[in-house]
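Participant: As you go down the protein sequences, you meet chains A and B in turn.
For the record, in the first sequence the residue sitting at position 347 is 347 according to the numbering used here, with numbers rising by one throughout.
For the record, in the second sequence the residue sitting at position 3 is 424 according to the numbering used here, with numbers rising by one throughout.
FYI, nobody ran anything at the bench for these hints, they're computed from the structure.
None of the values given here were measured: they were computed from a predicted structure.
Be aware that a few hints might be false.
Now the in silico label distances, taken between C-beta atoms and shown as ranges [what the hints assert, rightly or not]:
id : chain 1 : residue 1 : chain 2 : residue 2 : range
1  : A       : T137      : B       : K443      : 37 to 45 Å
2  : A       : N298      : B       : Y441      : 29 to 37 Å
3  : A       : P361      : B       : E454      : 29 to 37 Å
4  : B       : K438      : A       : R19       : 14 to 22 Å
In the DSS-like style, the derived pairs of lysine-lysine whose C-alpha atoms are separated by at most 25 Å in a straight line are [claimed, not checked]:
id : chain 1 : residue 1 : chain 2 : residue 2
5  : B       : K447      : A       : K100
6  : A       : K238      : A       : K314
7  : B       : K447      : A       : K98
8  : A       : K165      : A       : K198
9  : A       : K239      : A       : K186
10 : A       : K314      : A       : K239
C-beta atoms are modelled at their ideal positions from N, C-alpha and C, and glycine is treated no differently.
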Amino acid sequence: METVNYGEFSREMHRLLMRDRYPSNGTIEVTRRCPLTCAHCYNNLPMSDSAARRSELTFEEHCRILDEITEAGCLWLLFTGGEIFARKDFLDIYTYAKSKGLLITLFTNGTLMTPEIADHLVEWRPFAIEITLYGRTRETYERLTGIPGSFDRCIRGIELLLERKLPLSLKTVAVTINRHEIWDMKRYAEEELGVGFKFDALMSPRIDCSQSPLAVRLTPQESVELDLQDPVRVSEWKKFAEKFGGPVNTPEHSDEIYHCGGGLNSFAIDPQGRMSICVLSHFDTYDLRQGSFSEGWNNFLNKARRKKMTMMTKCVKCEIKAMCGMCPANGELESGHAEKPVDYLCQVAHLRAQSFGLAVPPHGDCEYCEGGQRYDHIVELADSLRKHIEGGASKTFSRYLPIVSTEKKLTQSSCSSCSCH
Amino acid sequence: MLKANGETEQEALKKEKRRYMKPELKRVQLRPEEAVLGGCKISSNAGPTGTCVTCSTSGS
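Generate coordinates for the entire structure from the input sequences, incorporating the hints supplied.
Facilitator: Okay, here's the thing in structure tokens:
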């Protein structure tokens, strides 16, 4: 029998699936409960939250949904949380999904891993497992997670999976608490363990509207400095900007607000069975306890995905959108409106482009573009960053020239995502 | 060239019935490191419709 490599298979599948709207990628949040209390998390709830536990889909409801999504053509499924293993019956749900033929990725923090769970995963091998490592040292890790003993449990979890040669990779979110250990984490993963590693500084407010995660968010220059410290990362960004440069969705091409794969080839289901375009977007949800997946996908989500733009913002004609994390979900959570630009993301994108020497064509009334009120500031910051890196600051850190203070105590604010305050 | 019914030759060719091709089984080695880049940091959404880059998740 002929063997084809996975990359080739995946590209061909995506090429074919892109022709139509097709639910090939699913994400299921099995719970929001988690044994960790990470400062940056967008959705975690305490393990002891019995109301949250009672509200979660039952095993039988999960089976029904898994039947329906595979019937509709889902092939790739991500199980995430909260912490997936916080559910006592997670392995039952997982095994049922495996038996349906899905290619499954697991996102976990690894702290609840046991030899028995790892053995089960050997028998029912996932496509991929990603563990988030919050620090390279116990002190940093536990400062972010807030739980003593969690570092050792995470490392033990990693060992249990690697001993069994399961398909593991590590990742982290770069925040003020752990940014000085990013490169140590990368070395640990790639050189000591021989597994993949990735990180990102992009984060959002909590889905319950709290802005508390932003208290540990890196400043725009700290975020871009991390990019600049790694020549491979800079090169990848430049290639990406070249490939996907230009406005993503000018009104001439599309008047829809979404331009990602959400609702087009992917969907998300929360612990209570509400389906949405992605795990961050909760403005439009369809209750799978009340209706079928095909009804929700074909009608409700299709309509949500085709929402039209209601305002001409500077994002619409922005040609560096490929360098930016702005999307309707992030707009909802941070600006209170799906289309309203998120200032932080705009700063990061412009600083990134300026630091990489990429042109930023005018795109409306933008304070970070040439002629804008804060353009000189961006240029000055980019120059400082470049000099700092050229001066030997590669993969080390120093905090300087903050644009926005992220140290202040941030409290709840209004949000269009759930209309609470 | 236009045919009698007003179709071009190309259009007529397009309408020809596709030839039957016998289904063929292929083995795919599951290697997540070869996956198409995830399109979004917080999910496994994947594929060219995404706009994410160095960060991201597992693709599919």
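Participant: Does each hint hold? Answer for all of them.
Facilitator: Do the hints match the structure? See the list:
1. A:T137 x B:K443: 37 to 45 Å: At roughly 59 Å between Cβ atoms, B:K443 and A:T137 fall outside 37 to 45 Å, so the hint is violated.
2. A:N298 x B:Y441: 29 to 37 Å: For B:Y441 against A:N298, whose Cβ atoms are near 30 Å apart, the range 29 to 37 Å holds.
3. A:P361 x B:E454: 29 to 37 Å: 35 Å, holds
4. B:K438 x A:R19: 14 to 22 Å: 20 Å, holds
5. B:K447 x A:K100: Holds - the C-alpha atoms of A:K100 and B:K447 are around 19 Å apart, at most 25 Å.
6. A:K238 x A:K314: Roughly 22 Å separates the two Cα atoms, so the pair holds.
7. B:K447 x A:K98: 20 Å, holds
8. A:K165 x A:K198: Between A:K165 and A:K198 the Cα gap is close to 20 Å, so the pair holds against 25 Å.
9. A:K239 x A:K186: Cα-Cα ~22 Å, so holds.
10. A:K314 x A:K239: 24 Å, holds
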